[in-house]
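Protein chains in written order, with full-length UniProt numbering: chain A, 1 to 600; chain B, 1 to 952.
Rather than coming from a laboratory, the hints here were simulated on the basis of the structure. Note that the structure is predicted; figures quoted are calculated from it, not measured. Mixed in with the good hints there might be a few duds.
What the hints assert, rightly or not - Chain B stretches covered by chain A per the calculated footprint, using a threshold of three residues with CB under 8 Å from any CB of chain A: (1) 367 to 381; (2) 403 to 417; (3) 434 to 442.
Stated by the list, open to error - Negatives, chain B to chain A, calculated, CB over 12 Å: (4) Asp69; (5) Pro253; (6) Asp517; (7) Gln596.
All residues carry an ideal CB built from backbone N, CA and C; glycine is no exception.
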Amino acid sequence: MPEIKVTPLGAGQDVGRSCILLSIAGKNVMLDCGMHMGYNDDRRFPDFSYITQNGRLTDFLDCVIISHFHLDHCGALPYFSEMVGYDGPIYMTHPTKAICPILLEDYRKITVDKKGETNFFTSQMIKDCMKKVVAVHLHQTVQVDEELEIKAYYAGHVLGAAMFQIKVGCESVVYTGDYNMTPDRHLGAAWVDKCRPDLLITESTYATTIRDSKRCRERDFLKKVHETVEKGGKVLIPVFALGRAQELCILLETFWERMNLKAPIYFSTGLTEKANHYYKLFITWTNQKIRKTFVQRNMFEFKHIKAFDRAFADNPGPMVVFATPGMLHAGQSLQIFRKWAGNEKNMVIMPGYCVQGTVGHKILSGQRKLEMEGRQILEVKMQVEYMSFSAHADAKGIMQLIRQAEPRNVLLVHGEAKKMEFLKQKIEQEFHVSCYMPANGETTTIFTNPSIPVDISLGLLKRETAIGLLPDAKKPKLMHGTLIMKDNSFRLVSPEQALKELGLAEHQLRFTCRVHIQDPRKEHETVLRVYNHLKGVLKDYSVQHLPDGSITVESILIQATAHSEDQGTKVLLVSWTYQDEELGSYLTSLLKKGVPQGTA
Amino acid sequence: QQQHEDLSAKKLRLTKPSKSAALHVDLCKATSPADALQYLLQFARKPVEVESVEGVVRILLEHYYKENDASVRLKIASLLGLLSKTAGFSPDCIVDDAINTLQNEKSHQVLAQLLDTLLVIGTKLTENPSVRMRLVEVACKHLTDSSHGVRNKCLQLIGCLGPVEKGVAKEVESQAAKDVQKIIGDHFNDQDPRVRTAAIKAMLQLHERGLKLQQAIYSQACKLLADDYEQVRSAAVQLIWVLSQLYPESIVPIPSSNEEIRLVDDAFGKICHMVSDGSWVVRVQAAKLLGSMQQVSSHFLEQTLDKKLMSDLRRKRTAHERAKELYSSGEFSSGRKWGDDAPKEEIDTGAVNLIESGACGAFVHGLEDEMYEVRISAVEALCMLAQSSPSFAEKCLDFLVDMFNDEIEEVRLQSIHTMRKISNNITLREDQLDTVLAVLEDSSRDIREALHELLCCTNVSTKEGIHLALVELLKNLTKYPTDRESIWKCLKFLGSRHPTLVLPLVPELLSTHPFFDTPEPDMDDPAYIAVLVLIFNAAKSCPTMPALFSDHTFRHYAYLRDSLSHLVPPLRLPGRKLVSSPVSPSITPHEDPSQQFLHQSLERVYNLQHLDPQGIQELLEFTIRDLQRLGELQSELAGMADFTATYLQCQLLLIKALQEKLWNVAAPLYLKQNALASAAAKQILEETYKMEFMYSSVESRQVVIIHHMRLQAKALQLIVTARTTRGVEPLFGMCEKFLQEVDSFQRCFISELPHMQGSFVDKLLDLMPRLVTSKPSEVVKILQTTLRQSTFLHLPLPEQLHRATANIIEPTGESDNPLRFTSGLVVALDVDATLEHVQDPQGTVKVQVLYPDGQAQLIHPKPADFRNPGPGRHRLITQVYLSHTAWTEPCQIEVRLLLAYNSNRSKASAKIPKSSWNESLEALPQSENGIEGTIPFSKPVKVYIMPKPARR
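Make a model of the complete structure from these sequences and hints.
This is how it looks when you write it as structure tokens:
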């Protein structure tokens with residue numbers, strides 16, 4: 001039985017280091033190639049030696065697919081392609097291809113320049129790696145080789161995030177990457193058609209969460225900012241360079257526009273600036289509003305948001321600043337924070353999760369006195385707010401996607417085991433499909449029941465459909481023909497044509513059966529009795545009495561002779577071709593029951 | 001063959017020889033199918049007269065049978081359809097032929113086209129049941145065709161023509177009275193999605209035509225909701241909705257359990273489910289239909305707003321619930337801490353239902369949808385459901401308030417309007433009010449004005465709420481001073497709705513102090529006026545309030561009562577008899593003194609008919625002045641007062657013109673002095689057009705008087721011309737025209753004539769036989785005497801009369817900076833205007849731009865530029881493109897609004913359906929005496945512009 005095998009190298013019952021091996025109908029595909037934020041040793045990259053011990057990866061993998069530019073989905077790519085060695089194609093969407101190298105370079109800089117690691121991939125390696133990338137468009141079917149094809153669907157989440165359908169013959173798998181089912185200020189909602197894949201590999205970050213409406217959060221956020229600015233306070237919003245930063249920029253920009261506010265908004269230069277540039281270019285990947293209005297004005301050409309300069313932090317008057325990094329652990333955001341923390345009019349809004357140990361985490365948990373480097377004590381008087389803006393699908397969203405795609409099996413990755421357990425149970429209960437949640441390194445095998453396409457000759461099709469009623473899509477239909485399997489292809493042709501093609505003479509197969517009937521009368525009388533009986537029973541068939549004393553029922557021949565030894569027993573010879581097997585055997589069983597005496 | 005052609009040619013000659021014969025010749029000449037096709041295409045461009053249709057059809061049919069090429073046959077078939085649509089042609093005679101053509105047709109496309117033609121024929125012959133039956137039978141026969149197009153058309157035909165009344169159908173042809181529903185229902189499972197869609201559509205068509213659909217279809221339709229194709233799902237949603245309206249109370253089982261529920265609830269649940277469909281077309285459809293399912297039980301209805309939140313399997317409260325709790329615990333507006341939304345109790349994993357059955361959270365999803373079309377329809381549906389269910393209105397409030405922050409303005413606007421519509425059922429909590437008021441700072445005028453409207457009819461629960469609203473409105477006023485009127489109006493209603501809540505705020509608002517005198521506020525400060533409007537309106541139903549006023553407040557009241565009478569109500573102030581209006585409480589509101597005054601003054605005018613001319617003139621002048629002043633003071637009577645004043649003005653002009661000396665002087669002497677009389681005639685004409693077209697709800701009683709006045713003006717014109725021109729030649733035409741007009745007046749208003757005893761026209765009609773036969777000079781003489789002798793007609797007033805007004809808000813005309821642009825290029829000027837009491841503004845309102853060189857430009861705004869913020873009010877927001885050759889220095893142009901009219905608007909409004917036969921049909925000739933013109937109805941605004949010469 002054909003099977004699909006899935007082995008997560010990362011993201012199996014875990015978040016981070018997404019890397020899933022998929023083998024489908026003899027093709028091997030690697031889905032994502034990410035790094036793990038929690039580790040700084042070998043565990044940060046997937047264990048590629050699992051794939052092959054000493055052979056080249058290129059020989060083993062048919063292609064690599066990257067769903068989006070987050071480092072936990074693409075961070076290991078240069079290591080994998082340049083240091084381990086892979087020369088095959090890498091597929092990603094256009095925005096991902098554009099933004100990915102920026103993030104990789106940033107990541108490399110931090111690891112090598114700041115932490116001083118050696119034996120890490122170089123800038124050149126990133127460039128070489130990107131040369132192997134093939135960019136795809138949404139809904140474009142890309143033929144990787146003759147049998148393997150992939151197709152990208154919109155996934156929301158971040159700019160350029162995509163879900164991929166991988167298809168070989170009639171078997172298909174959909175891999176979601178990270179996705180978001182509720183639209184936000186700059187991106188739309190994930191969408192997939194009713195493609196009915198054999199397997200859906202979905203993320204499950206928020207498997208046990210159902211989120212509140214986005215509007216309340218947005219409104220709260222805007223209100224907070226607005227109030228502070230009106231009072232003349234300064235607002236600091238620490239963000240990561242990409243993704244949420246743009247969403248919040250759009251949110252504030254439109255709000256400023258709507259409310260006619262004048263206070264300046266700044267965002268830190270560097271990465272964000274570069275990223276905004278790409279956001280401007282990839283307008284087609286954003287949501288309805290931005291796509292529709294960009295003709296008048298590109299929403300990412302911010303009117304109110306300007307680049308930040310270090311000196312601005314000391315300017316009097318209200319302002320809003322987006323600064324990196326998002327957890328206040330270093331860099332510009334921390335500098336500004338130290339400057340502003342002392343004034344209770346100011347406010348810091350943390351738009352995302354903070355890792356333990358960072359300043360962000362400390363102030364969120366209510367600490368008011370912070371010890372900075374050099375034994376300085378920083379008193380935090382400014383207001384601290386927390387707003388969660390997350391772009392993953394929640395439990396309802398995941399269920400919604402499953403409903404849209406109608407898969408035959410579901411496999412959960414990118415989530416915590418305990419949460420997956422709950423979702424798995426729910427999926428099985430509500431969709432009646434089997435659901436899997438392999439751990440890293442664990443292989444899940446799914447048996448499929450693919451339908452096999454067969455070419456049928458038009459003549460045969462027309463002939464066969466003409467017999468029955470109108471074809472009904474929902475019901476299977478019986479057809480007669482000859483199946484020819486030749487050169488890896490299947491064809492259904494009429495028997496005559498098959499014989500002709502194969503150069504064979506037609507042979508007839510006949511079944512003959514003797515039935516003994518106790519009847520003392522003469523042969524022709526017996527025949528007549530049998531004839532009358534059959535005529536009475538088989539009303540729908542043409543029963544004929546031929547002059548030579550035999551009976552035909554359709555093409556079945558019945559002859560009667562007297563038994564050589566016992567004249568009282570008549571032998572009925574029933575003969576039929578194999579095509580009429582059904583009627584023939586019915587007829588014999590009928591005759592075996594005997595001919596009723598009354599019909600003379 | 002030869003003979004046959006001759007025959008048909010002969011027959012055609014009787015009707016319209018050239019056209020059909022030419023077609024015949026052309027088609028015979030055609031050597032190749034492509035040629036024939038060309039001829040047919042050319043032929044199709046020209047219209048065919050009703051009489052020759054049948055002949056043409058015969059010729060086409062003849063060629064149809066001869067033709068081998070399918071594409072030509074297709075064209076012929078489509079032509080047959082077009083021809084049978086010709087107005088006035090009854091396709092009875094070609095039914096048989098058309099059906100016959102189907103018999104031997106092999107091409108599916110042609111078959112489909114022929115069926116389409118039959119459909120056209122059938123729809124023209126709906127009164128003929130036997131033809132319909134035949135056509136339906138034909139369609140049923142072709143339902144087994146293998147092509148989807150043919151099946152599609154068959155279903156369409158059955159849907160449009162299938163028998164609707166069961167009883168009748170049985171009588172007509174019992175064997176053919178098959179159950180059409182069954183036939184169509186069988187195709188719900190067709191293999192082709194297009195045919196499935198057509199089947200559902202046909203079913204809906206039957207329903208529209210009055211057939212009661214069977215309930216059995218419901219389960220079939222439910223299955224179609226899971227179809228792979230969006231158009232099928234979309235149609236299925238409609239069908240389910242129809243069934244839910246037909247059988248709301250029937251009971252259907254729930255598949256997985258033994259329970260049963262009402263059909264309408266079940267259908268509601270199913271449609272709710274479709275709100276999260278994959279295709280947005282279906283989502284829009286579903287969201288829209290939800291609104292009209294008012295019979296659904298409240299339990300299900302309230303589920304649509306329900307979404308159980310959880311975080312890590314623990315129950316979480318929504319932000320709405322938290323806000324409510326904070327509010328009820330009195331802790332409102334505390335800052336939010338991290339973990340404020342921390343999840344509370346554990347959830348039983350088995351009890352969580354992720355894909356909820358039924359209606360759960362449908363609106364929550366709909367309002368969060370990616371496509372704004374879906375969000376808008378969800379808001380609309382919310383509105384409709386909330387209007388019928390107060391408890392639901394209360395619940396959906398939070399969600400509507402959230403929509404005020406949508407990213408698309410249309411959605412925000414829609415939700416504000418929705419909120420206004422349901423505001424009778426709701427009272428805003430303080431936190432909700434806070435969110436609502438935050439939108440006041442929106443830079444879009446539409447939004448702010450909609451919000452003011454909303455605040456006008458909102459219930460606020462606390463005095464803090466009122467204070468908050470006032471503060472925010474004042475903030476709005478400082479930020480956008482142009483909103484002044486709208487804000488005042490809003491405060492007026494706010495005050496009169498919540499007198500008891502305003503009362504405790506009064507000292508603070510007026511900043512009075514028990515011991516100290518505070519400085520007198522500036523009377524011209526709009527903000528201060530706003531506060532006073534609020535207070536005075538509250539004081540109207542709160543007699544204790546005036547005790548809190550300080551002296552200057554009373555003075556300000558007197559001033560405002562006079563200057564802003566529409567905003568400040570009459571108050572009964574203690575010890576201020578002079579100021580307080582003399583309204584005694586016994587007088588009921590409709591015996592309004594001003595209305596009385598209006599009627600009295602009119603009475604006076606109409607009664608005093610036989611005063612000396614001088615006296616009449618003076619009386620008229622005084623009355624006109626009085627009326628004009630009354631209109632300014634009493635906005636609700638303004639229309640009426642203006643209307644009558646205009647009428648009296650006309651009369652006055654007429655009298656003055658007739659009083660002139662020129663009539664006594666010999667003709668050749670006063671060539672120049674006639675200026676007054678002819679000017680008067682002209683002005684009266686203009687004024688009558690104004691009266692007729694600028695006022696809403698003018699009835700025929702008034703129209704006849706207006707026309708009568710116009711007739712008099714025309715008579716005056718005729719007399720003046722007769723006196724001033726030499727020679728009789730031009731007079732002949734004029735006289736004839738005038739008599740024609742009298743004639744048409746008589747025809748139009750025959751029923752009104754008895755009321756016009758002693759009037760000009762009455763006398764004129766008596767003299768008509770004489771007039772027709774006499775010479776122009778005679779006619780003029782008669783006219784002159786009749787004009788002088790005729791009495792003054794009493795103008796009856798309708799109940800309500802409003803004058804169309806327009807006010808250009810933008811451009812303001814105050815800017816000193818000229819609008820600079822390069823000559824030869826265009827510059828867009830934003831025009832923003834409010835229109836009141838204009839009927840059909842899309843068709844009538846135009847923008848006129850007058851350049852200093854006298855050049856005038858007339859611009860027709862797009863229909864989409866008009867918005868309708870409230871009944872009787874319109875808003876025009878458009879862009880006017882200006883261009884001119886270079887000027888040496890900046891100069892002012894004038895922009896004004898015009899009201900276009902067409903004197904036979906009753907005919908014009910009944911739109912003549914454009915001939916579908918072809919487009920080149922020349923426009924209908926202008927109806928004979930339709931006079932078109934424009935009335936300026938806004939103050940002109942000056943715009944400073946400067947076209948610069950282009951730089952080379």
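12 Å Cβ clearance of B:Gln596 from chain A: holds (48 Å)
Coverage of the region 367 to 381 of chain B by chain A (three or more Cβ within 8 Å): holds (count 6)
Verify this for me: three or more residues of the region 434 to 442 of chain B with a beta carbon less than 8 Å from a beta carbon of chain A. holds (count 4)
Is it correct that the beta-carbon of B:Asp517 has no partner in chain A closer than or equal to 12 Å? holds (33 Å)
Given as non-interface: B:Asp69, which should sit over 12 Å from chain A by C-beta: Holds, since 24 Å exceeds 12 Å.
Beyond 12 Å from every Cβ of chain A: is that where the Cβ of B:Pro253 lies? It holds; B:Pro253 is separated from chain A by about 20 Å at its closest Cβ, greater than 12 Å.
Are there three or more residues in the region 403 to 417 of chain B whose C-beta lies closer than 8 Å to some C-beta of chain A? holds (count 5)
Of the numbered hints listed earlier, not one is contradicted by the structure.
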